[in-house]
Amino acid sequence: MSTDRGRIRITGFDADRVESREPLSDWTETRDTETEGRWTRAWREFRRNRSAMLGLYIVIAMSLLALFARPITIAGVTVQPFSLAPYDPGAILYAQGLDVSAYEAPSLAHPFGTDGSARDVFSRVLYGGRFSLSIGFIVVFVTAAIGLVYGAVAGYYGGWVDEVMMRVLDLIFAFPGLLLALIIVAVLGKGYWELVLAFTAIGWAGYARLIRGEILKVKENEYVLAAKALGARDRRVIFRHVVPNAIAPLIVQASLSIGTVVIGVAALGFLGLGLPPSSAEWGTMLDQTRQTIVQGPGGSIPWWVTVFPGGAIFLFVMSMNLIGDGINDALDAQEGEDVARGGEV
Amino acid sequence: MSLRRFIAVRVAATIPILFGVSVLTFALVHLTPGDPIDQMVALNPQISPAEEAAIRARYGLDGPVWQQYLTWMSNVLQGNLGTVISVDQPVLPYIMARLPETIALGLFGWAIALLISIPTGIYAAVNKDTLGDDLSRVFALSGISLPNFWLGLMLILVFALWLDLWPVLAPDKPLLSAEMLWYLVLPGVTIGTASSATLMRVMRSSMAEEMNKEYVTAARAKGLPERTVVLKHVLRNSLISVTTIAAFLTASIFAGAVVVEQVFAWPGLGRAFVGAIIGREVDLIMAITLFTGVTIILANLLADIMYAVLDPRIRYD
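Residue numbers (UniProt numbering), protein chains in the order written: chain A, 1 to 345; chain B, 1 to 317.
So here's chain B without its partners, still in its complex pose (with noise of 0.2 Å):
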């Protein structure tokens, strides 16, 4: 299979995925009993049926569910997503002006996982066995075991509350201010921590495997330099590896954000997430979980052709 002819096919097969998470997005959210009108007529007795059916009708609540599914379907294709009632705001630009800081987030959080995980992977796999290497596993152990959200609360303990070195909560500012970006290392720290974790483990144990094989001793037996056999033959083919679980990280980035937003009130997507959950913001939701679904998908693609193009050997499986 040609590269071109992989990657077409691969496309291709996102296809029914794609409308595959979109029925699941809508069938999950409309198992819900009751929805925000029956909140606002609870709260506002006065409201005669013909007025609730009047909202109703006005936000696609009526009507049998697979033609709401299509109703809604279509709207999202056209690119409007619904309207975030509590603040009478389309649902669009809501995410749009929260999107920013979620990403900001995740790239640090990445960032962070990359600069602990690769040089701490690569000395792990070099001095296998050592007291380095237990270290790095301990490390990476805890790492794992630690909730996200509690270790965020302790950062803001220590860092905040008894030395004083970041404020307590986000500072109301723009994203690109300095204070923002002075803030985003506590947040940052946290949700790369997991990541640099599990990242560490994949790069030591694909760094040792590559170590193993013969062209690594016809490196040495020419004469290269240590340093130039490990950085330049095997970091190469092993960072492979790395890029098969980026876009697992990418999920699992995404996934916390929902808890670390939520406790350093950082004015992202996962924080506007549990919001809409407790005020059971339907199309927010809906929209929310679309847009998550859509992006691991479209990683999951991206890292198959990225490994495609990294290991031609992958094709032709």
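Just chain A, same shape as in the assembly (with noise of 0.2 Å):
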């Protein structure tokens, strides 16, 4: 029996014997063209990690919450019609007739109490939610791409392209976080998207130096060589075979940095440099309670509304640093432990 294969004569050897052989092992054929993506498999390390996965629902359930706690409507059109949360989170209770008094503590009427202004705390909680998950997400998404673009130009091509590149980076890292997010606002005033852009400014930076090291790595590589040997574009070569071998280490760092982000707008809410006095956003309603502590509340301590709005930043950083690590191991990204957690800027 022999084959033909090209110009190589093979004999000795039959295919339809060997298929038809015992199997040594319960190793099948079908199994291996199934190749399994690199994505399933994260996903499958991921949910065996219970702690992220604890995360994961916390965040799930903070950010329906935030959602569904006051209806949504988008020019007329209520879109979202359910309202979870008992009270109008800017509503003043015995402004509206309600047998309410400022700094009522926890009942079962409020479970979060009321604040100074006999507003349900509980239900600004629950609204508050809106800004900081809302900023958190929208800055990461933005900061992780501009990063990403900026530090793939910059390892790519190195040289002085590189060099006057990461000077500019250097300049941003002079300065803490806060310190330029505090000027910028200070510099285009208050409000939610003023908030966006401040934490955008500052916030792309890290993503941009740590791809570019990925970067650096990556491009070494044969199959880099190859697709250019075939006359690739350089866009091409970057965006189809650089970046995405580089990018497990920036969905990690993005996922820990909405924590960073969220805390860095409660910040600046606390220092009353945030929203408006009156929104319901988290650091900002921590900000008035700092005023109750220093004016002394005279008799009793209304702790509820300290504990529960920081809790809720708390609660929701914590659970996205657990997710964050779970990613970082389902990935496999850094082969050390330790990655630079989201916390303060």
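Worth double-checking, as some hints may not be accurate.
Claimed, not checked - Between beta-carbon pairs, the in silico distance windows are:
#: 1; chain 1: B; residue 1: 128; chain 2: A; residue 2: 168; range: 37 to 47 Å
#: 2; chain 1: A; residue 1: 142; chain 2: B; residue 2: 89; range: 39 to 49 Å
#: 3; chain 1: A; residue 1: 222; chain 2: B; residue 2: 239; range: 31 to 41 Å
#: 4; chain 1: A; residue 1: 245; chain 2: B; residue 2: 138; range: 29 to 39 Å
#: 5; chain 1: B; residue 1: 131; chain 2: A; residue 2: 57; range: 20 to 30 Å
#: 6; chain 1: B; residue 1: 90; chain 2: A; residue 2: 109; range: 52 to 62 Å
Hint data in this document are derived by calculation from the structure and do not stem from the laboratory. By construction, the Cβ of each residue, glycine as well, lies at the ideal position given by its N, Cα and C atoms.
Using the hints, put the two standalone chains together into the complex.
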């Protein structure tokens, strides 16, 4: 028996006979053809990590609570009719004829008590998630995208381009992020999109530095040389061949930075430079409680106005960090066990 | 490269960054629409345009932006950082009066961070994957996730309001008085917690890495007690990585001071900065920003040099 394969003549080998042999192991052909994607494998790993899954459930729950806290109306059309928060977060309850006073301790009617303006703290904490969470996710998405492009260009081209681009980063790293954010907000004024811009302006540099380092490692691979040899353009080489192989640490970093941004936004709110003073943003709520402590509450201490909004920030950031650690383990993005976690800016 | 050459090159590389930092500081602040003079005019409508121009000229707020930058820079280099307009006082003594308070706070935070992180980091690395290691991991994760302003408020709530061990606000006393130093404990713990959590994890992983090296096996093989191996051989090598993040932590302590000083009404630079932002004190904002940037750059430079001194291999890279 012989088989012709090109110009090479193979003898003494019968494919049919090999196929029909007794299996030596339970290894099967079908299993091998179904290769498991990297992301499928990572997700399987992630699901096995109990603390990361706990974090994921908490983040999902908090996001849903914020989303369904009050109805959402866009251009007169109610797109989200549910209202989980029992009261309007901005409503001063005694002004509405309700029998509620300022600084009422937690009770069944008001699970988190009422604040200094007789507003329902529970409703405000639920609703406040909207500000912090949405700013966190938007900023991280935008900064990761900017940092990815910037770092990829710097790392791929190298030379003086890299040198100049990296010196710009050094400048940003010379200041504590919070300080720059404060100045930017002072320049632009208070408000939601101003906060987004301020945290975007300071946030992208970290991703740029990270992705540049990864690109420097990846671009030495032979497949990059092969792609270039086949005549692929720089843009194609960068975004089809280099970036996908360098992206795992970026995803880990992004998941950990959401916490950093949320704390930063709350810190600005706490300093009175975030959103307008009456808004139900977590940090802004804490700013008002600091004033009550300073002025002396007279008799009982309204601990609930401090504990609950701050607890919400802590719970969210902690859960995000658990998720980030889980992603890090699942993607095996960094060899060491320690990545810079999302914390204070 | 010799050590001296390495230091010379690093110092030379710092100069353009210092220049960039001054430009960025100036540019950021001068994007601000309106200046204190506008506010002053808005509050006092009787000021005539001629008087307004005279005030502007007095504070150097007329002329094109690049010229203002050069004027500002040459003034800064001569030690003239401008005026705090609201109290009509030069910026430099204003900052100098508040600097010791912030430095005391930062040092205290650093001390707490080191006191907590080094022993727990060593313990966690030596007893890897035991209950103690897991607890240290939980502590680190919580420490990093705690917003410092909330931690500060909670400390006030528990230790000042409920237990009555500390006054609620910083007493208005000179820094080196017993009351002030006692009060420093609360803000010090607040500012040190996040740093100690980061530092502890770095300590643990660098210790764990060193423990796997051959010189450790050699030290054990020649019969040294485990205590000596860990504290004399491993610890000294793993402290090198702590110095590398020291500069980063200095920056985070600075940022922390802005918030923590506000919580505890601590009369330092951070509180002055927030006040400057709210009152649009342009000279003061620029001075504090520039000061912070320069401090962090110098801290980075120092960390690099320390690293080269402690680990001679780095110079030949």
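So, going through the hints one by one against the coordinates:
1. Checked against the hint of 37 to 47 Å, the pair residue 128/B and residue 168/A passes, with Cβ atoms roughly 41 Å apart.
2. Remark: the range hint 39 to 49 Å for residue 142/A to residue 89/B is upheld by a beta-carbon distance near 41 Å.
3. Separated by about 40 Å at the C-beta atoms, residue 222/A and residue 239/B satisfy the suggested range of 31 to 41 Å.
4. About 34 Å separates the C-beta atoms of residue 245/A and residue 138/B, a value consistent with the hinted range of 29 to 39 Å.
5. Distance hint for residue 131/B and residue 57/A: a CB-CB separation of about 25 Å, consistent with the stated range 20 to 30 Å.
6. One distance hint, 52 to 62 Å for the beta-carbon pair residue 90/B and residue 109/A, holds here, with the actual separation near 56 Å.
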